[in-house]
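Visitor: Sequence:
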Amino acid sequence: MKCVVEQHEGFTIVRIEGRIDIGDGDIKLRHGVREAALFDCPGIILDFTKVTYMDSSGIGELVSIYSELQKSGKNMCLAHLNAKIYDLMTLTQLIAVLPVFDSVEDAMMTMIKAA
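In this text, residue positions in the sequence shown follow full-length UniProt numbering: the first is 1, and each later residue adds one.
Rather than coming from a laboratory, the hints here were simulated on the basis of the structure. Note that the structure is a prediction, hence the values are computed from the model and not measured. Be aware that one or more of the hints could be misleading.
[Said to hold, decoys possible] Subject to a maximum C-alpha distance of 20 Å in a straight line, what follows is the list of computed DMTMM-like cross-link-like pairs (lysine to aspartate or glutamate):
id, residue 1, residue 2
1, LYS113, ASP40
2, LYS50, GLU17
3, LYS50, GLU6
4, LYS74, GLU9
5, LYS50, ASP24
6, LYS74, ASP40
7, LYS2, GLU17
8, LYS84, ASP102
9, LYS50, ASP102
10, LYS71, GLU35
11, LYS74, GLU105
[What the hints assert, rightly or not] Using C-beta positions, here's what the derived DEER-type ranges look like:
id, residue 1, residue 2, range
12, SER56, LYS113, 29 to 35 Å
13, GLY60, ASN82, 18 to 24 Å
14, LEU38, LYS84, 28 to 34 Å
15, ARG34, HIS8, 17 to 23 Å
Ideal placement from N, C-alpha and C gives every residue a C-beta, glycine not left out.
Hey, can you work out the whole structure from these sequences and the hints?
Guide: Below, the structure written as structure tokens:
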């Protein structure tokens, strides 16, 4: 798994590639988001376009990261989930907690309107 952190139009985007699972994947996700949190921005968008799989440790890591960011006054959302990950988010009821968007652009537009 790999994370690439980018700045785009004032937003911090974490582009995730590969599997978010126990061991390496969940740790790299945490490090990627912590790097993203260093930027002065209204929110962090996790781009799941190239995520192929996520297990329960990935779900746990998302909840932990989300809580950590909320405490520091930052917003986080997810973009472009594949059908299996969307179903996992629905099954765990995280879809009601973590904002999910069809695309990074949709996430940016919503965050701009909310600011």
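Visitor: Let me make sure I understand: some of the numbered hints might not hold for this structure. Which ones are they, in numerical order?
Guide: The structure breaks none of the hints.
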